[in-house]
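Residue numbers (numbering that gives the first Met the number 0), protein chains in the order written: chain D, 0 to 249; chain S, 0 to 319.
Careful, some of the hints might be misleading.
What the hints assert, rightly or not - Here are some chain D residues the structure puts well away from chain S; computed CB gaps all over 10 Å:
id : residue
1  : Val27
2  : Leu65
3  : Val95
4  : Gly135
5  : Val241
As the list claims (entries may be wrong) - On the chain S side, residues computed to face chain D include the following (Cβ under 10 Å):
id : residue
6  : Gly48
7  : Phe50
8  : Gly55
9  : Lys56
10 : Ala70
11 : Pro79
12 : Ala81
13 : Phe96
14 : Cys97
15 : Gly102
16 : Val124
17 : Gln127
18 : Ser128
19 : Cys141
FYI, nobody ran anything at the bench for these hints, they're computed from the structure. Positions of the beta carbon are idealized from the N, C-alpha and C atoms, including for glycine.
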Amino acid sequence: MLSDSIRNIRTIAKRELMGYFNSPVAYVFIVIFLLLNGFFTFMLGGFFEIGEASLARPFFNWHPWLYLFLVPAAGMRLWSEERRTGTLELLLTMPVAAWEAIVGKFLACWLFLAIALALTFPVVATAMYLGSPDVGATAAGYLGSLLLAGAYLAVTVMTSALTRNQVISFIMSVVICFFLIFAGWEQVTSLAVRWAPDWLVNTIAAFSVMPHFTNFQRGVVELRDLVYFISVMVFSLFTTSVILRNLRGA
Amino acid sequence: MITVENLVKEFGPKKAVNNVTFSVQRGEILGFLGPNGAGKSTTMRMLTGFFPPTSGKVTIGGHDIAENPIAAKKLIGYLPEAAPCYSDMTVRGFLAFCAEMRGLSGRAIDDAVNRVAGLCFLESVLHQSVDTLSKGYRHRTCFAQSIIHDPEVLVLDEPTDGLDPNQKHEVRQLIKRMGEKKAIIFSTHILEEVEAVCSRAMIIDRGTVVANGTPSELKAKAEGAGSVTLRVFGTAAETVKSRLSSLMVAGKVSVSSGNNAVNARVFPRDKNVNGELAKAVAELTVKEGWKFDELHTEEGRLDDVFRAITLPDTVKARND
Ligand SMILES: Nc1ncnc2c1ncn2[C@@H]1O[C@H](COP(=O)(O)OP(=O)(O)O)[C@@H](O)[C@H]1O
Ligand SMILES: [Mg+2]
């Protein structure tokens, strides 16, 4: 029953989210996220020097790199901790389908990241105050940033199901997410085209988050970019369910 | 309520559970005995749908756990061996979460939490965080979780492990009370527990069921079960032995003397005849006018049966 599924997902997500806010780690995480955001935007991004009060470049530009470490840190425990403490056995013998548990955990952590992202709003307010940034483009940037976090998080959910060790889960997801950036990062692709055929570089780059994320940054919301991010999430979460099944079938 | 047919679980080349078949009805408490590594936990994990079996079939209340897992799992309460709990929650929060996962909502959640907290003596720690609990409390918290939805089927993997003697006693009483209306299977390696609680016991060794019956049926399999012990004063050992041997129902008789008493042990000729031997011995004692201060029938000890059945294999396994 769909209503049962929604109910299960909500119960699991609620527990997980409360887990975040019941521990100081969540607040430390948010503070670090905001500090780094401010640092990158104002110091490295040259928000003040550019002279245009646009958010696109200085603010969102850093998110693929910022998330590279912060998202795996936030999600690394999702399944590995269940495996380590044995609560996996409790959870999966309750009347709940594995996919419901996976989605519930994913949504909880995604919501947590969304809250952290929403708290960057003072940056936007500053920009609004200093100039008149394109509100639509800013919204697109936020949407892209949220989807990017979701894609990384889905990868982290997958790696956390692979091991009972959070640190290993963290490292694996950083490596995969790094590949997702690297394959389509302009600095890399512009070098790669010198010795590899265009079609190859473009094909590999198409798997990367970068070309898709850059579109959002420019204020363009295109269906194929949405499809890309959603595919990464669905694929990773589906793989998670396969991993969990194999774990028990061993 | 629980039926298990030809259940097999292989881990690589190793058969952890080998062709196990049994069933548990409502109102029955099945004690699941076996040495460490016998396959008790693995069997329970298949019953509760955590491990899919390599082959074989499990149905809970008519629902096949492989084909209709959600319906089957709804009927089950499960206490895993490690008694895992979410340690970042309070006891109340944890139990409320489990209640919600079991489909309860609103007031029903609070009522259920309070009910199981009472049954499992958790009232004093309800607001404490799970990770600050002592082992016994954590164990009981997980136990409480298993009965929060008043399930028809209870699967308990070593429910009294890590409890002190008083708590053990309470938990046994609780299981026994609940067993009147539920189908319960619980594993243990404490034999007195089986006698105290179970209506039926099953011994499993290296994945295979080696004995299955009521505790008294199992005890009757013990060596020496059904023999009669007698202690007589002031009569010669030879006389006692010859008189006892002349009884119709008596088989082998052994005597030993010391402290001017004679200890005699009479084995029945036919092991399946109950009670006859003690009566015959008592009549003889009176007729002969022997002074005695002890006369009783050995019931047989579950320990002996357990060791006799499982020891050779354990030794073999160690030597492999
Ligand atoms: N996940 C697993 N992977 C491989 N072997 C396992 C696994 N779980 C249990 N076993 C093996 O199966 C056998 C039975 O274990 P278990 O069911 O835990 O025994 P018991 O609960 O009776 O002590 C043991 O030899 C154990 O090593
Ligand atoms: Mg066990």
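Structure-based check of all given hints:
{"no.": "1", "hint": "Val27", "in the structure": "holds (15 Å)"}
{"no.": "2", "hint": "Leu65", "in the structure": "holds (26 Å)"}
{"no.": "3", "hint": "Val95", "in the structure": "violated (6 Å)"}
{"no.": "4", "hint": "Gly135", "in the structure": "holds (41 Å)"}
{"no.": "5", "hint": "Val241", "in the structure": "holds (14 Å)"}
{"no.": "6", "hint": "Gly48", "in the structure": "holds (6 Å)"}
{"no.": "7", "hint": "Phe50", "in the structure": "holds (5 Å)"}
{"no.": "8", "hint": "Gly55", "in the structure": "violated (14 Å)"}
{"no.": "9", "hint": "Lys56", "in the structure": "violated (16 Å)"}
{"no.": "10", "hint": "Ala70", "in the structure": "holds (8 Å)"}
{"no.": "11", "hint": "Pro79", "in the structure": "holds (5 Å)"}
{"no.": "12", "hint": "Ala81", "in the structure": "holds (4 Å)"}
{"no.": "13", "hint": "Phe96", "in the structure": "holds (5 Å)"}
{"no.": "14", "hint": "Cys97", "in the structure": "holds (8 Å)"}
{"no.": "15", "hint": "Gly102", "in the structure": "holds (7 Å)"}
{"no.": "16", "hint": "Val124", "in the structure": "violated (17 Å)"}
{"no.": "17", "hint": "Gln127", "in the structure": "violated (14 Å)"}
{"no.": "18", "hint": "Ser128", "in the structure": "holds (9 Å)"}
{"no.": "19", "hint": "Cys141", "in the structure": "holds (8 Å)"}
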